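So the sequences go chain by chain: U and P.
Residue 51 in the working numbering sits at position 51 of the first sequence, with consecutive numbering throughout.
When you read off a place in the second sequence, starting at 1, and then add 1000, the result is the number in the working numbering.
Derived from the structure by calculation, the hints contain no laboratory data.
As the structure is a computational prediction, the values presented were derived from the model and not from experiment.
Positions of the beta carbon are idealized from the N, C-alpha and C atoms, including for glycine.
Certain hints may be false.
Unchecked claim - DEER-style ranges, computed between Cβ atoms:
| # | chain 1 | residue 1 | chain 2 | residue 2 | range |
| --- | --- | --- | --- | --- | --- |
| 1 | P | A1131 | U | T4 | 29 to 37 Å |
| 2 | P | F1143 | U | T4 | 27 to 35 Å |
| 3 | U | P74 | P | A1131 | 20 to 28 Å |
| 4 | U | T69 | P | S1076 | 31 to 39 Å |
| 5 | U | V62 | P | L1120 | 17 to 25 Å |
| 6 | P | F1134 | U | I54 | 20 to 28 Å |
To be verified - On the chain P side, residues computed to face chain U include the following (Cβ under 7 Å):
| # | residue |
| --- | --- |
| 7 | S1032 |
| 8 | A1055 |
| 9 | P1072 |
| 10 | L1074 |
| 11 | T1084 |
| 12 | P1108 |
| 13 | L1138 |
To be verified - Which chain P residues face chain U? A few, computed with CB under 8 Å, are given here:
| # | residue |
| --- | --- |
| 14 | Q1030 |
| 15 | P1031 |
| 16 | D1041 |
| 17 | G1054 |
| 18 | S1094 |
| 19 | L1103 |
| 20 | S1117 |
| 21 | F1125 |
| 22 | A1135 |
| 23 | S1142 |
| 24 | S1144 |
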Amino acid sequence: MTETIAYALGGGALIGLAVSIMLVFNGRVTGISGITNSFLTAQEGRLWRGVFIIGLWLGGFVMAMINPTFFAVPDTPLPSVLIAGFLVGFGTVMGSGCTSGHGICGLSRLSLRSLVATVTFMLAGILVATGLKYFGGV
Amino acid sequence: MKYKKYLQAVASFVVGFTFALGLSISGMTQPSKVLGFLTWDENWDPTLIFVMLGAIPVHAITYYLARKRKSPLLDSEWHVPTTTKISKELVIGSALFGVGWGLAGYCPGPALTSVGSGSLQAVYFVGAMIAGMFAHQLFKKSFSK
């Protein structure tokens, strides 16, 4: 238990460092849903956004080489995965952010808007995951 | 600064890479761990709270210090969001996102990072996520007419 807490804290600190580099150098928020959406739709700023996503991929690739269990996948049925992905894409654009943009960057600068968003998606996530556990397989 | 655009890209590559390391070390790229955090039962696993407890203080301090400057290092102005309105879209959109998150245990960052790890499930998820983003565009267009 203490070991996993240390990993969570250390990983979290690295994420905090990453979003800080983005802020200090580029003056931007590291909202991953926003960056992905703007990469797909915006005319300008495609270079830094595309390169950011490649950085994520390369990081995932390297970490999977070091320890594949970091990416262990549960046997979620494919339809659930697809519906979940669709809702996450639609919802994060509609709500202007996800766990990174609202949850980390927004809360760090004490944005009330991000606090409302974070509480909302946390509660919705808890409701669905807990509901599935008790009423799943209906 | 003629090469500003390229220097910014180098910075955001470093950010993406570091972010991916942080996500995988912290456990965020394991959907079952995320679902263990979101499922409130006798096996509730609270460790993912510590990801936020690790990230927020670090960023809060750098945010406070950085914003004392007139501009970021590689740009002439700040691009931090200034909206403060608690809109219907904010709440409904966040709720929809939460439903998807609770369903599969992936949020956008860990899903994209897991694509790099070669996970097929993450590839399907990201494909559907992109479809959802485009669907929102169509939805917005049809309502702004």
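So, going through the hints one by one against the coordinates:
1. P/A1131 to U/T4: 29 to 37 Å: holds (34 Å)
2. P/F1143 to U/T4: 27 to 35 Å: violated (44 Å)
3. U/P74 to P/A1131: 20 to 28 Å: holds (22 Å)
4. U/T69 to P/S1076: 31 to 39 Å: For P/S1076 against U/T69, whose Cβ atoms are near 45 Å apart, the range 31 to 39 Å is violated.
5. U/V62 to P/L1120: 17 to 25 Å: Given about 19 Å between the Cβ atoms, the range holds.
6. P/F1134 to U/I54: 20 to 28 Å: holds (21 Å)
7. S1032: holds (4 Å)
8. A1055: At 4 Å from the nearest chain U Cβ, P/A1055 passes the 7 Å test, so the hint holds.
9. P1072: Since the shortest Cβ distance to chain U is 3 Å, the answer is holds.
10. L1074: holds (5 Å)
11. T1084: With a closest approach of 6 Å, the P/T1084 hint holds.
12. P1108: Holds: closest Cβ of chain U sits about 4 Å from P/P1108, inside 7 Å.
13. L1138: violated (10 Å)
14. Q1030: holds (5 Å)
15. P1031: At about 5 Å, which falls below the 8 Å cut-off, the nearest Cβ of chain U leaves the hint on P/P1031 intact, so it holds.
16. D1041: Holds, about 6 Å.
17. G1054: Hint holds; P/G1054 Cβ to chain U Cβ min 2 Å, cut 8 Å.
18. S1094: holds (4 Å)
19. L1103: holds (4 Å)
20. S1117: Check passed: Cβ of P/S1117 comes within 4 Å of chain U, closer than 8 Å.
21. F1125: This hint holds: P/F1125 lies near chain U, its Cβ roughly 4 Å from the closest one there, short of 8 Å.
22. A1135: holds (6 Å)
23. S1142: Because about 14 Å separates P/S1142 from the closest Cβ in chain U, which is outside the 8 Å limit, the hint is violated.
24. S1144: This hint is violated: P/S1144 lies away from chain U, its Cβ roughly 13 Å from the closest one there, beyond 8 Å.
The earlier numbered hints that this structure contradicts are 2, 4, 13, 23 and 24.
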